[in-house]
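Can you make the complete structure from the sequences, with help from the hints?
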Amino acid sequence: MMHFLLLFSRQGKLRLQKWFLPLPERERKKIVKDMTTMVLARKPRTCNFLHWKDLKIVYKRYASLYFCCALENQDNELLALEILHRYVELLDKYFGNVCELDIIFNFEKAYFILDELLMGGEIQETSKLSIVKSIEASDMLQETMEEYISKPAF
Amino acid sequence: MTPSVRLQEMIRVIRSARTQGEERGIIQRECADIRSQFRQGDNGERSHSLAKLLYVHMLGYPAHFGQMECVRLIASPRYSEKRIGYLGAMMLLDENQDASLLITNSIKNDLSHSSQYVQSLALCTLACMGSAEMCRDLAPEIERLLRASHSYIKKKATLCAVHIIRKVPELAELFTPSARTLLSEKNHGVLHGAVVLITELCERNPDTLVQFRKAVPELVQIMKGLVTSSYSPEHNVAGISDPFLQVRILRLLRILGHNNDTASDAMNDLLAQVATNTDSSKTAGSAVLYETVLTIMDINSESGLRVLAVNILGRFLLNNDRNIRYISMTSLQKIVQTDHNAVQRHRGTIVDCLKDQDTSVKRRALELSLALVSAVNIRSMMKELLIFLSVCPPELRSQTASGIFNAAERYSPSKRWHIDTILHVLTTAGGDVRDETVPNLIQLITTASELHCYTVHKLYRALIKDIAQQSLVQVACWCIGEYGDLLLKGECEEIEPVQVTEDDILDALETVLQSHMSSPATRGFALTATMKLSTRITDNVDRIRSIVSIYGSCIDLELQQRAVEYNALFKKYDHMRAAVLERMPVMDKNSPGHTNGDTSGEIKEPDTSKPKPVEAGLLSEPASQVCDLLDLLGGTDTPLQLSPAPTSTPTTTSSADLLDLLGGLEITPVPTVSVYEKNGLSLKIQCDKQTETEVTVTLIASNSTQNDITNFTLQAAVPKSVQLQMKAPSGNVIPAHGLGQVTQTVLLNNPNKVSLKMRIRVAYSNQGAMHQDTVQIDSFPSAACQPSFSPL
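Residue numbers (UniProt numbering), protein chains in the order written: chain F, 1 to 154; chain B, 1 to 792.
Read the hints as simulated data drawn from the structure, not as lab findings. Cβ coordinates follow ideal geometry from the N, Cα and C atoms, glycine included. Take the hints with a grain of salt, since some may be wrong.
Derived, one-sided and incomplete: chain F residues facing chain B with beta-carbon distance under 7 Å [to be verified]: (1) Thr-46; (2) Leu-79; (3) Glu-100; (4) Met-119; (5) Gly-120; (6) Ile-123; (7) Thr-126; (8) Ser-127; (9) Leu-129.
Structural data, given as structure tokens:
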């Protein structure tokens, strides 16, 4: 099970945080600080796995953003790399050539996409196509309902 | 989309702030704005305000005033408001907040909503932050959704069930029946969720595990389908069909096949097939192979399969991708104990990884290399490890050093090699070694008596080169003090001869004494070594005398005390000096006081801080006697302390008195009681209570046979909390016909006032035959000391 997923920039600014365990706010802030320090200190051609407390940390850098997640002992690190990659692909498909600014200005959509990929720290859908369809349908629902509400029925 | 513009506008404004203070000001204004929006109630703007608040929250600012707004928005009929409300709930509410309970009802309603996307929001939120309370309330709903709905909802309900089971394990039984049927689903999302659910159920309950073992053939079938299926664009990742599902199934198979032959047999073929057919050129394939290897190693697989698995790991070791090398070493580490020979085959590659740039890889390679050291490869491995030690990153140094020491201790081919290795480590990384290294090394040196000359020469050379490494300097000083005469002799067969004069040696020691790099403990070593040399050199004794007297007024309390005592040795007790500073005998490795003695340079109170070598040197008795003395200052953990009687040396008793910490120990005449009589040997004891907790026991042995009893020794053991000190016996020959006696005094300290018992073992020769016997004394009741005893 994944414990958390963080996205942060090269300057250490947090862009997205998803927690799959209940932790107090102070604890979360500390973890974010630890992760950013640890991951940003890594040299360029080192492996993508770290050990922190009793968790395995998997991180990958995509352009200016670091994607970082924490796994339990029995989880497969190489697969976690694939999960992170899958998330990036989904963002790319949705925003069209995604860049960090897209995620900054549309963070709520980044969360909605993540919620279609992961749930309770586990993968919920393995088909990229299926997820893309669901997101599109949800957005459609949002728009039509907006219109429906603002237009009087009679 | 118009509605989001206001959010994006705010984000733009915040990002344009040039200083932290400016940003704080903007945030404060926005938060005030948001608060007033919330107060206004329903006006179509609430969702944007909450979105803005969530952004502010991500920047790290407090946002708890938005919690109630989340609750309200979730209850709204509008999808856009529900969506942002649920997102807010996941970000701001967790199970520790009271407000989280308020959304339970909304979730319940939304779980039966007509739109599947609303249902999905509720499911997602429950799986993310649902507390045990909420889970208990909503579990029946989830179970219904597992069975009834179509795949979009089913897959989410399954993962929600996983979360429920994690929070409330008792509810596992509720989901077990449905889990089984879910395995026949075709949809990969649902199938994946089902496998996760079954894994969770099996991990928590062994009975469920037995039940699900019957599903192994079905799982094998699904796996086979995935591995051999034709290209499916929907699930394909780099040539592998749905690696996510494959990995999860393999993991479940691992759990089901563990320690079970039938299940393991059923999956053997499949595992072989996956292991051989999976293309590992990309990460997806490697992930599947990795999981396969883990599964093979963890179930009762046949040996051919295990070899296949280890070879895959070996292949991974040569992969260019650093991640794969790291993974491979982690896995090899897990199996190095069980499949040692198989892993040994890849030793060369592993040792090469020590030179990798990446610290994580280096660390793994180090752990593996240390696990692979054996008697056969010790020399070559040690060479590599020593090279590694000189270039390794600082955080790995102490681990490397202790690993090298352990390996050297277990497998060293010769004493000289062992000593050389330790010296090499001390020169390279002396600052990172453990504290016990110094006494351990000293003990090792004393046992290698044929190498004393070689060792002292080597250490002397190391000392004059560099005095920064404290452990090395300490050992060097000790050796020079002990074996200085060998150093002066100049020649030594194993090392190039170099002429060393007495002045050279004293210069070296004085440099250590005066250098600001030397720790207080090191200076103590140097001073004692200087003192010891006074009996080993001939010309410069006056120089030593002057050094010692200078330090008599040293500011360092420890050094001052030593110098004063050594001065006393020169003046008042000069007649004893030779005996006191005599060469030390071989130390026993396992003696309890062996690792006492602080070598890390801290100053403690004078009476407890003398390092053992100094103490032992001055007493000039076997180390075990010294350990007894130190045991009075600190206990040991062996249940019964056996202290062999020290061999008597004529000049020792007086020096023992010199340092006797217990004060006067006259034996007052009390009635003797006989405790043992056999074969002409009789043993009597007298005991006398000195204080509340101290008892002095005198053992008197006499011989009524025709022949002298020779090699007579007594050993005594007492209960754990009692401290025992045996004094030197009066002799070890008991004349025949009762013409003489041997007495030996034993001091007992019983701080916990347990009932005193003593077991005494006697050993002697009579008429050429060795005898040994034991007697136990069960109680020493009172001051009058009438012991009861039971001969064994």
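> Of the hints given before, which are not true for this structure?
Replying inline: The structure conflicts with hint 3 only, although it agrees with all the remaining ones.
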